[in-house]
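*Asks:* Here is how the chains run, residue by residue.
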Amino acid sequence: MKYLRKNDCIMLAFSVVLFAVLQVLITERVLSSFWQLNLLIIGINIILAASLNLINGYTGQFSLGHAGFMAVGAYVGVVLTANFHMPFAVALIAGGIAAGFLGFLVGIPTLRLRGDYLAIATLGLGEIIRIVIMNIQYVGGAAGFKGIPHHTTFAWVFFIMLFTLFFIKNFVNSNHGRACLAIRENEIAAESMGVNTTKYKVMAFTIGAAFAGVAGGLFAHCFYLISPASFTFMQTFNYLIMVVMGGLGSITGSIAGAFVVTFISAALASWPEFRMIIYAIALILLMFYRPQGLFGYMEITNMGIFRRIFKKGETPHE
Amino acid sequence: MSELLRTENVSEVFGGLKAVTDFNIHLDRGELVGLIGPNGAGKTTAFNMLTGVYQPTTGTITFEGESIVGLKPYQVTQRGIARTFQNIRLFSELTVLENVKIAFHYHVKYGILESVFRIGRYFKEEEAIEKEAHSLLKIFHLDDKADEVAKNLPYGAQRRLEIARALAAKPKLLLLDEPAAGMNPQETKELMDMIRWIRQEFGLTILLIEHDMSLVMGICERIYVLEYGEIIAQGTPDEIKKNPEVIRAYLGGE
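Chains A and B, in that order, give the protein sequences. Using my numbering, the final residue of the first sequence is 319, and nothing's skipped along the way. Using my numbering, the final residue of the second sequence is 1494, and nothing's skipped along the way.
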């Protein structure tokens, strides 16, 4: 117990209260089924944004293949639950492992590339995954996979999201996470400080892909049908906007970004013609006035107003 | 004194350009050796070969009796050679403390699961490197700036931080690439004392590239002079000062 520090306790207490409130709102049917679904999507998007942030924000590797990894997790998951009647948890884990493994395999060759070259390679990868799925008749091809059991509940999403954030936060604040940050800051210096840069780039890519896979599984089991059209490049682009808007290198930022973007697009669902305009204006304003994103590199635990509650962040000696 | 590093006939060729030819040096444990030469002589290229950034085209490099040719830079560092950079390469968006902590990387042994679930060796090792990082910063008068972002430090402090960071990798051999570049005479003097002191304190062998002759002549025990990629002279500072080849290389004339 000595090490379960005050910050973690506050966060845990806050999360439990938040969960209880939202769960009551759902069971008491205060939220319409439209907003209930969007609550799930917000949670799933937080997982996706945080895991993409691990690759793009913390390790500085500009990846655009996230929707592809999500698709792998989604399809592996639905095949296991719908065709093989496996438990939901097994399907999610298998989807995560499959996406992570694919991330590992493609990470080794592609992460030698830098900057825009890496972006193009991963963009291609995402499209390849989508088109391959489109041509597999076993999973319904372009028409999509029908008859998915509706397993995703708010509790599943919330606790997996919590685990993802916990995992990424602790990973980043460790020797391994520092290696990733060093790669982002200066790859040559990182290498000459004894960091195996290839290993850590592939590791961050694999972990990010695995969480995207799990999120894909959760996403698929919200619906009766999924199709490859749900995992296009535009999806990746959406997650990228969430990450950039929140701040590359801030978990708090990813949460805020995922929430804001999902909320805006849901709130404007009835006026689709305005949606893209408002989206674009918001991004332009953001780039003008706050190019580092809403939170920059900051976490909520390090910010002025919250500092008194949280004391001084992450240092293990206090 | 036993030998720490030896290079034999090391050459580096970029296309048709011979950057370094037949580079032969040896360093004994505990020595403080200078590498000087006019701009473009190949000094930094030599450093890059020693640290694995470039692979030598020919020749052998032996460190502690084993060849280090073909190793990646991080593997060379793990064997015990750390360096600083001529054009400062700090982790500029991270804090001073984080910069130093990263350099402990190889010496921290806990695994991924231990870091994610905060179990096992995590807290013990994190506390240890926190303490060590602070004591290193104290040596370089950076302790009060530990939480500042590295890019906001004044220039001289950034240079000192580079050395502190290199020391955190716990090297046996420290390579300093123009540590005094851009410093004023007072700062240079302080740096000289500091280099002497850390060599003693950490039992280091140091090889440094420098243009500031007062620094090189003041602290180095031996000096190698490089011109057009070839070593044209070596010896004690007094010998080097009198060497006609060196005078020609620096002042010109036939």
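Hints were generated in silico from the structure; no laboratory data involved. Treat the numbers as computed from the prediction; the structure is a model and nothing was measured. A few of these clues could be false.
DSSO-like mimics (lysine-lysine), calculated; alpha carbons at most 27 Å apart, straight line [to be verified]:
hint, chain 1, residue 1, chain 2, residue 2
1, A, Lys-7, A, Lys-200
2, A, Lys-7, B, Lys-1312
3, B, Lys-1312, B, Lys-1349
4, A, Lys-200, B, Lys-1378
5, B, Lys-1371, B, Lys-1385
6, B, Lys-1364, A, Lys-170
7, A, Lys-170, B, Lys-1349
8, B, Lys-1364, B, Lys-1378
9, B, Lys-1412, B, Lys-1364
10, B, Lys-1410, B, Lys-1385
11, B, Lys-1349, B, Lys-1378
12, B, Lys-1412, A, Lys-170
13, B, Lys-1410, A, Lys-7
14, B, Lys-1364, A, Lys-7
15, A, Lys-200, B, Lys-1412
16, B, Lys-1312, A, Lys-200
17, A, Lys-170, B, Lys-1385
18, B, Lys-1410, B, Lys-1391
19, B, Lys-1410, A, Lys-200
*Asks:* Next, verify each hint and record whether it holds.
*Replies:* The hints, checked one at a time:
1. A:Lys-7 x A:Lys-200: This hinted pair is violated, its Cα atoms lying about 33 Å apart.
2. A:Lys-7 x B:Lys-1312: Answer violated: A:Lys-7 to B:Lys-1312 is near 42 Å, above 27 Å.
3. B:Lys-1312 x B:Lys-1349: holds, 20 Å
4. A:Lys-200 x B:Lys-1378: violated, 32 Å
5. B:Lys-1371 x B:Lys-1385: holds, 15 Å
6. B:Lys-1364 x A:Lys-170: Answer holds: B:Lys-1364 to A:Lys-170 is near 19 Å, not above 27 Å.
7. A:Lys-170 x B:Lys-1349: Holds, at roughly 19 Å.
8. B:Lys-1364 x B:Lys-1378: Status holds; Cα separation ~21 Å.
9. B:Lys-1412 x B:Lys-1364: Within the cut-off at roughly 25 Å; holds.
10. B:Lys-1410 x B:Lys-1385: The hint holds at about 22 Å.
11. B:Lys-1349 x B:Lys-1378: Since the Cα atoms of B:Lys-1349 and B:Lys-1378 sit roughly 25 Å apart, the hinted pair holds (cutoff 27 Å).
12. B:Lys-1412 x A:Lys-170: violated, 34 Å
13. B:Lys-1410 x A:Lys-7: Roughly 34 Å between the alpha carbons, so the hint for B:Lys-1410 and A:Lys-7 is violated.
14. B:Lys-1364 x A:Lys-7: holds, 18 Å
15. A:Lys-200 x B:Lys-1412: It holds: about 25 Å lies between the C-alpha atoms, which stays within 27 Å.
16. B:Lys-1312 x A:Lys-200: holds, 12 Å
17. A:Lys-170 x B:Lys-1385: This hinted pair holds, its Cα atoms lying about 25 Å apart.
18. B:Lys-1410 x B:Lys-1391: Roughly 24 Å between the alpha carbons, so the hint for B:Lys-1410 and B:Lys-1391 holds.
19. B:Lys-1410 x A:Lys-200: holds, 21 Å
The earlier numbered hints that this structure contradicts are 1, 2, 4, 12, 13.
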